[in-house]
Amino acid sequence: MSKAWIRAKKPDFVRDVVRDFCLAHHELETEFRAFDRTGHVDFVQLKNLLGLETNKGLLWRLKDTAHLLFKKNASENDLLGQFLDWSMGYIFHDTMKLKEDAYQQQNYAPWFRELHRRQLSADVHAISQDLMHVLDQTNESIHREINRIRFILFNCRRLLTQYLPRHRENELLARFLVARRDLVHEVFGSGYEKLLASIYGEEPELRFLLAARSWRSGGWKDEALKALSEAQCLNAEHPLLHEELERIHARRS
1 MSKAWIRAKK PDFVRDVVRD FCLAHHELET EFRAFDRTGH VDFVQLKNLL GLETNKGLLW
61 RLKDTAHLLF KKNASENDLL GQFLDWSMGY IFHDTMKLKE DAYQQQNYAP WFRELHRRQL
121 SADVHAISQD LMHVLDQTNE SIHREINRIR FILFNCRRLL TQYLPRHREN ELLARFLVAR
181 RDLVHEVFGS GYEKLLASIY GEEPELRFLL AARSWRSGGW KDEALKALSE AQCLNAEHPL
241 LHEELERIHA RRS
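Sequential numbering from 1 applies to the sequence shown in the UniProt record's numbering.
Keep in mind that the hints were calculated from the coordinates and are not lab data. Some hints could be false.
[Said to hold, decoys possible] List of simulated lysine-lysine pairs, DSBU-like, C-alpha gap at most 35 Å: (1) Lys71 - Lys56; (2) Lys194 - Lys56; (3) Lys71 - Lys10; (4) Lys47 - Lys221; (5) Lys10 - Lys56; (6) Lys47 - Lys9; (7) Lys3 - Lys97; (8) Lys47 - Lys226; (9) Lys194 - Lys226.
Remember, predicted model here, so these are calculated numbers, not experimental data.
Sequences and hints are given; from them, build the entire structure.
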């Protein structure tokens with residue numbers, strides 16, 4: 001991949017990183033809350049999140065896209081980008097460890113518990129107890145891995161809030177933030193309004209105006225008009241609002 005191609009695709013990469021981070025955050029937190037309730041994580045769900053080199057899952061794609069955006073793109077070579085690249089890679093690798101521990105818990109812990117109900121010789125029983133102790137340590141590892149991943153997810157939210165203002169003119173990002181606002185709100189929680197304010201500042205309507213431009217360019221007129229209606233509620237005098245309305249009506253006439 002040439003540097004020129006990577007630079008040209010930067011708006012797409014920014015949107016993809018934010019989108020895939022939010023989707024991965026949602027899936028991981030769903031698993032972690034299940035663990036909080038039951039003491040178990042779903043091996044199959046983690047396996048699907050990670051995928052394989054020949055069929056990459058959501059976390060693998062996030063890691064790769066973050067690397068393209070923050071490492072391969074010279075203009076993004078700053079500390080915030082480096083922190084995000086490292087953090088998203090760390091989430092991937094720690095989830096890989098979590099998946100292996102979940103496999104042990106899901107497949108071998110029941111077998112060892114069943115063994116303990118059998119009439120075993122004293123020597124075999126002692127060995128099984130020692131091996132079961134290793135599985136108990138695996139459960140402790142799962143606790144640590146989940147806590148680490150949650151901590152990194154928290155810091156990714158902080159980093160994105162500081163990083164994304166430089167991309168306030170990104171139409172694809174704005175379109176995602178409008179179309180999937182419920183997901184973004186869920187992920188950022190109490191920091192959601194701070195995220196939007198950091199990007200759009202005194203122009204909250206810009207998010208809807210840029211999203212409308214993206215939809216209009218792609219031929220999605222109804223979606224564009226809905227976004228323009230939301231922008232109009234915030235600032236009916238914004239010049240971009242009238243420009244977009246004129247372009248949509250010109251296409252219809």
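Here is how each hint holds up against the structure:
| no. | hint | in the structure |
| --- | --- | --- |
| 1 | Lys71 - Lys56 | holds, 20 Å |
| 2 | Lys194 - Lys56 | holds, 32 Å |
| 3 | Lys71 - Lys10 | holds, 12 Å |
| 4 | Lys47 - Lys221 | violated, 39 Å |
| 5 | Lys10 - Lys56 | holds, 21 Å |
| 6 | Lys47 - Lys9 | holds, 29 Å |
| 7 | Lys3 - Lys97 | holds, 33 Å |
| 8 | Lys47 - Lys226 | violated, 38 Å |
| 9 | Lys194 - Lys226 | holds, 24 Å |
The structure is inconsistent with the numbered hints 4, 8, although it conforms to all the rest.
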